[in-house]
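Student: All chains should be built: construct the whole structure from the sequences, respecting the hints.
2 protein chains.
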Amino acid sequence: MSNKVNTKEKFIETASRLFELKGYNATGLNEILAESGAPKGSLYYHFPKGKEQLALESINLAGEKIKANLQKNLESIKDPVEAIIFNMEHLAQVIDNEQKTRDMSISLLALETYLTSEVLRGACEEVFMTLENMYSERLIEAGMNREKAYELGCVIGAMMEGGITLSLTKKNGNPLRLIAKQIPNLISI
Amino acid sequence: MSNKVNTKEKFIETASRLFELKGYNATGLNEILAESGAPKGSLYYHFPKGKEQLALESINLAGEKIKANLQKNLESIKDPVEAIIFNMEHLAQVIDNEQKTRDMSISLLALETYLTSEVLRGACEEVFMTLENMYSERLIEAGMNREKAYELGCVIGAMMEGGITLSLTKKNGNPLRLIAKQIPNLISI
DNA sequence: GTCTATAAGCAGATAGAC
DNA sequence: GTCTATCTGCTTATAGAC
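Residue numbers (the working numbering), protein chains in the order written: chain A, 73 to 261; chain B, 73 to 261.
Hint data in this document are derived by calculation from the structure and do not stem from the laboratory.
As the structure is a computational prediction, the values presented were derived from the model and not from experiment.
You may find that some hints are simply not true.
Pairs count within a copy or across copies, as identical chains cannot be separated in the list.
[What the hints assert, rightly or not] Computed list of lysine-lysine pairs in DSSO-like fashion (alpha-carbon distance at most 27 Å, straight line):
no.: 1; residue 1: 243; residue 2: 139
no.: 2; residue 1: 253; residue 2: 144
no.: 3; residue 1: 243; residue 2: 121
no.: 4; residue 1: 82; residue 2: 94
no.: 5; residue 1: 112; residue 2: 243
Tutor: Right, here's the structure in full:
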């Protein structure tokens, strides 16, 4: 039924938001259930393997949203350097205004799960690699040598994650802005 | 008594290791007690405010160790660019061999606590800022303009944290190595 | 100062009625 | 497919003996 799909998607959306915000271990199923407005039995009907399965689908959803935001900027701004800078400065502004993550990073989930769940670690790795490849492909399109583009894709991805971590901890987007300022020094096509 | 000091320090050392490795929320007091070999009453005698107080001292200890490692490399290698690269490549090698953190990063703790504990967020922010300043001071010593040095200190700090996150998630030190390779492009004194 | 026993609550997960 | 009631085990924290 359509209700089944809606219930399941509601679970994933709520869980994805809470996992990104508070982390995997700090987010209880009861909290997800309360915000979803559904009972516990329903959750285990849709996710027989429990919390880990719900987290897997949550990571994938979060990844899709992060990718979509990046893609929008990479497509709408012609110069890849300017596009990457705009993307970083946009996140800086969001952190200045809200001081929390939303469709921004899965670093917390990755660091919480890389030692304890091979499934979740793998899902996080895949999200990271897709983001890196998006940077790389755009740089190749703009004329950069392939190998160099793949190396820079990873570096830019790392700078983003580190910049978000620092900006959240400091409660302001300045670290992300300083990183954005250095992007032109890394990219010479 | 000296025993008091030893017991308390043992708690902090064990907690610091476990918090960095598994995170604040995934590490139970029972686990810390088991590895410390001391009973629960003793922990609450030394840390009346409980887990948060223990975490505060754990973050400070982890920060001291991370700083000490960096300082050793910044002091022993004359060229700051080479020193920073060596430090990153050393961490890459550790991750290749052990695939987990130890005296390396407090990103996990920072991301877990920035929303829920102002005390712990502040402690993490202080560690991050001290590390950034260590990079900056070394660059200033080597002749770099002050403002530029402070900006780069933050950028290098962010790259380290992001590089560690990616390297742990991918189970290899390559992201850190690719970042190290880009350091010369950022630093022109 | 050290240690034991226990409290009170929440976690993830399950059984079974409807 | 949906929902309720419950189980087991773990969490942080405390009371009080020694």
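Student: Hint by hint, note whether the structure agrees.
Tutor: Going down the list of hints, with the structure as the test:
1. 243 to 139: both (24 Å within a copy, 22 Å between copies)
2. 253 to 144: within (21 Å within a copy, 29 Å between copies)
3. 243 to 121: For residue 243 and residue 121, only the inter-copy Cα distance (25 Å) is at most 27 Å; the intra-copy one is 36 Å.
4. 82 to 94: Within one copy only: 18 Å inside, 29 Å across.
5. 112 to 243: Intra 35 Å, inter 35 Å, cutoff 27 Å: neither.
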